[in-house]
Amino acid sequence: MRAPQSDLLHSELPSIAADILARLRQRAPRVHCITNSVAQNFTANVLLAMGATPSMTISREEIAAFVGGADALLVNLGTFDAERRVAVDIAVKTASESRLPWVLDPVFVDRAPPRAAFAKELIGKGPAVVRLNAREFFALAGGEAKNATVAVYALEHKLTVALSGETDFVADGSRQASLANGHPWMARVTAMGCAGSALNAACLAVEKDAWRASVAVLLILGVAGEVAAANSKGPGSFAAAIIDALFNLDGVTLIQRAKVK
Amino acid sequence: MRAPQSDLLHSELPSIAADILARLRQRAPRVHCITNSVAQNFTANVLLAMGATPSMTISREEIAAFVGGADALLVNLGTFDAERRVAVDIAVKTASESRLPWVLDPVFVDRAPPRAAFAKELIGKGPAVVRLNAREFFALAGGEAKNATVAVYALEHKLTVALSGETDFVADGSRQASLANGHPWMARVTAMGCAGSALNAACLAVEKDAWRASVAVLLILGVAGEVAAANSKGPGSFAAAIIDALFNLDGVTLIQRAKVK
Amino acid sequence: MRAPQSDLLHSELPSIAADILARLRQRAPRVHCITNSVAQNFTANVLLAMGATPSMTISREEIAAFVGGADALLVNLGTFDAERRVAVDIAVKTASESRLPWVLDPVFVDRAPPRAAFAKELIGKGPAVVRLNAREFFALAGGEAKNATVAVYALEHKLTVALSGETDFVADGSRQASLANGHPWMARVTAMGCAGSALNAACLAVEKDAWRASVAVLLILGVAGEVAAANSKGPGSFAAAIIDALFNLDGVTLIQRAKVK
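Sequence lines, in order, name chains A, B and C.
Heads up: the first sequence begins at -16 in the working numbering, then just goes up one per residue.
Heads up: the second sequence begins at -16 in the working numbering, then just goes up one per residue.
Heads up: the third sequence begins at -16 in the working numbering, then just goes up one per residue.
Read the hints as simulated data drawn from the structure, not as lab findings.
No experiment lies behind these values; they were computed from the predicted model shown.
Treat the hints with care, as some may be off.
No copy labels: a pair is met if it fits in one copy or bridges any two.
[To be verified] Below, simulated SDA-like cross-link-like pairs (lysine to any residue); rule was C-alpha separation at most 20 Å, straight line: (1) Lys216 <-> Gly34; (2) Lys76 <-> Thr132; (3) Lys108 <-> Glu127; (4) Lys129 <-> Gly234; (5) Lys216 <-> Arg8; (6) Lys103 <-> Arg68; (7) Lys191 <-> Gly148; (8) Lys103 <-> Ile(-1); (9) Lys129 <-> Ala5; (10) Lys216 <-> Asp233; (11) Lys103 <-> Asp54; (12) Lys191 <-> Gly51; (13) Lys244 <-> Ser161; (14) Lys129 <-> Lys141; (15) Lys129 <-> Val69; (16) Lys129 <-> Val235; (17) Lys103 <-> Glu44; (18) Lys108 <-> Thr236; (19) Lys216 <-> Gly234; (20) Lys129 <-> Arg6; (21) Lys103 <-> Ala48; (22) Lys244 <-> Ser(-2); (23) Lys76 <-> Gly51; (24) Lys216 <-> Val235.
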């Protein structure tokens, strides 16, 4: 059961998302993304469509300079090796020192134990948001991704969990929201989740409340997905159309279409 | 000259391809792809469009876990360095132990001798299929890619050779087929061949007869290319349209358009 | 002030560009690209659309063979680490020995000092063209990117500078041109500049005058961008449409639309 205040907030979330969208375009934050090579191009184009500026180096010699000059950081574990582990360590340290918000996307931690172990370490280093799906949550938290479990995990680790699925679910220690926008073709385009995590980092740069920022991203991406699907013939044209839809999305459409529970 | 039985089989190949297409979508195999960073995104999207699930890590620390949990493996030599050689060695060893079928795509072996030497080693380790073009075949086999030479090579090495060209040619020790579908723009989109090899691996996961699986992939991709070209203005829109076409391809269209000789 | 001869040349530049475009398609040069993984796919597709053949390995074991067999080289500093530095060193040495023209694209040298230092070293090794934006020029040259400063820098370093911006500017020691084609969405697609640099390298393979080749590329890309924008709904569809536009661009359209000052 939700308290009345929380109910009020839920009905306001679409407007809050529209406001965050406007700020994102106005402020054009720099987002440094440590992500896998599969996802880099699409992630960069999604950020550029929203007005943000991506950078993506993982070189140990310069990543501190890039992160230090950025407004937010994404750590995506889509590739996991010694080089990237070093890059992540430097990046997270730099983000902490610069009080930069960062998002952890523990891609495929359900597939390889060393990756899961590294993700657990990173959780202890203060990400503002963890974005993942049910299988990845299970590998990380050791329990099923039910709403109550997710909320407890968020509370214990003092972060926001953004759980993607048919219905997305976002929880921090005290608040939660279920979001029902989106389209099945979003799961047919590689890096859609990774790009969403990068966009989440971009939103953190313009909205300090990580829960609100995460809700906003899922609404923005979900509504853009619905608009894009109506203009596409399959997942190939959809991948381009969702970038167009993000670029053209206006606050009114976002508010009208948002499905918050 | 083909024996009557072989003639019968040739006329049945389009139906067989349609059946493999249906199984692919139903079983949604996991395909681990060791491929170059140029090809990763397009390859992943082609697999996702067909219902398969791609993974792409080359980290030596976790590639065994990924390959061990997959249904088929692609080894693409599009980038060749110490790190990838280690990844390939572990992946092929894991595939052998797990009796997983794998496809070798010896990209550009005609351009650099060390790459050709490594490809020759890999041929000895039991790939189900080798997919390549005429120049790559020459570098690997030391002879021109005439149908008879290709068939002999396939017989000697106990594998299926899928030779791409204006007319594709698929041979194992006892059977051969020439396939005339496709469109010139397929050569204008980077990673089209690499994605085809990944799709070949996916088909091996649902069809044990490697020759049939390879014929099916070439028919599926060639027909999708023809459909896509009719909906495109150039190679840019074509790259998206062929993913749409693969996603929407039905067995009837495949059978009607297939050109098997 | 321009001399009369220079005026004459400026009015001829669109025709010269059309001629270079035709030669590019006819000769289909091989271009080896050392570029970052974000840019590889789009860069390869832009080259293929224009009839050129890209290769992209950075493996130290084979890069000399690839560069040695190519017609031009691109060195893009979009990622900067020990592995790529070695690759660049070998590639530049091979290019010098083979008298191959090469283009330097010092991406983001304004963001990290070690990258800027490496770029300065490379300037001394004889690139035919340096392509960059105003911020990158400042980091490299230590002065604002005004036309006079850029021209002096080009003269001092005996190369062509292609400076991208709202109006592009191309200068070598004795000639300069301002080019006003293009569309704002070109800045919303990642790797657009990198792909332009690769295309510049391709043009050097068919036109020895680096200044003319660089002017031609900026006109070709700018006009293609305008055509593409008219057929797009946002930066997602635009990324595909500009590849179509490059593929379909004819000399007459190029000459009619070119804006040379």
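Hint check:
1. In this homomeric assembly, Lys216 and Gly34 come within 20 Å of each other (Cα to Cα) only across copies, at 16 Å, whereas the closest approach inside a single copy is 27 Å.
2. In this homomeric assembly, Lys76 and Thr132 never come within 20 Å of each other (Cα to Cα): the closest approach is 29 Å inside a single copy and 39 Å across copies.
3. In the homo-oligomer, the alpha carbons of Lys108 and Glu127 never lie at most 20 Å apart, since the shortest distance is 23 Å inside one protomer and 41 Å across protomers.
4. When the C-alpha separation of Lys129 and Gly234 is checked against a cutoff of 20 Å, the pair qualifies neither within a copy, at 31 Å, nor between copies, at 40 Å.
5. In the homo-oligomer, the alpha carbons of Lys216 and Arg8 lie at most 20 Å apart only across protomers (18 Å), although the nearest pairing inside one protomer, at 29 Å, exceeds that limit.
6. Taking identical chains as interchangeable, the C-alpha atoms of Lys103 and Arg68 lie at most 20 Å apart only when both belong to the same chain, with a minimum of 13 Å there against 30 Å between chains.
7. Neither within a single protomer nor between protomers do Lys191 and Gly148 lie at most 20 Å apart by alpha-carbon distance, with minima of 25 Å and 34 Å respectively.
8. In the homo-oligomer, the alpha carbons of Lys103 and Ile(-1) never lie at most 20 Å apart, since the shortest distance is 31 Å inside one protomer and 47 Å across protomers.
9. Neither within a single protomer nor between protomers do Lys129 and Ala5 lie at most 20 Å apart by alpha-carbon distance, with minima of 33 Å and 34 Å respectively.
10. In this assembly of identical chains, Lys216 and Asp233 lie within 20 Å of each other by CA distance solely across copies; the values are 14 Å between and 23 Å within a copy.
11. For a Cα distance limit of 20 Å, the shortest separation of Lys103 from Asp54 qualifies neither inside one copy, at 24 Å, nor across copies, at 28 Å.
12. When the C-alpha separation of Lys191 and Gly51 is checked against a cutoff of 20 Å, the pair qualifies only within one copy, where the shortest distance is 18 Å, while the shortest distance between copies is 42 Å.
13. For the identical chains of this complex, Lys244 and Ser161 are intra-copy neighbours only, at 5 Å inside a copy versus 55 Å across copies, given an alpha-carbon limit of 20 Å.
14. In this homomeric assembly, Lys129 and Lys141 come within 20 Å of each other (Cα to Cα) only inside a single copy, at 18 Å, whereas the closest approach across copies is 50 Å.
15. For the identical chains of this complex, Lys129 and Val69 are neighbours neither inside a copy (33 Å) nor across copies (40 Å), given an alpha-carbon limit of 20 Å.
16. Taking identical chains as interchangeable, the C-alpha atoms of Lys129 and Val235 are never at most 20 Å apart, the minima being 32 Å within one chain and 43 Å between chains.
17. For a Cα distance limit of 20 Å, the shortest separation of Lys103 from Glu44 across copies, 17 Å, qualifies, whereas the shortest one inside one copy, 26 Å, does not.
18. Proximity of Lys108 and Thr236 under a CA criterion of 20 Å is satisfied in neither setting, with 37 Å inside one chain copy and 54 Å between copies.
19. Proximity of Lys216 and Gly234 under a CA criterion of 20 Å is satisfied inter-copy only: 18 Å between copies versus 26 Å inside one chain copy.
20. Proximity of Lys129 and Arg6 under a CA criterion of 20 Å is satisfied in neither setting, with 33 Å inside one chain copy and 32 Å between copies.
21. For the homomeric pair Lys103 and Ala48, the shortest alpha-carbon distance between copies (18 Å) is at most 20 Å, but the shortest distance inside one copy (26 Å) is not.
22. In this homomeric assembly, Lys244 and Ser(-2) come within 20 Å of each other (Cα to Cα) only inside a single copy, at 15 Å, whereas the closest approach across copies is 47 Å.
23. Taking the shortest alpha-carbon separations for Lys76 and Gly51, only the intra-copy value of 10 Å comes in at or below 20 Å, while the best inter-copy value is 34 Å.
24. Taking the shortest alpha-carbon separations for Lys216 and Val235, only the inter-copy value of 19 Å comes in at or below 20 Å, while the best intra-copy value is 26 Å.
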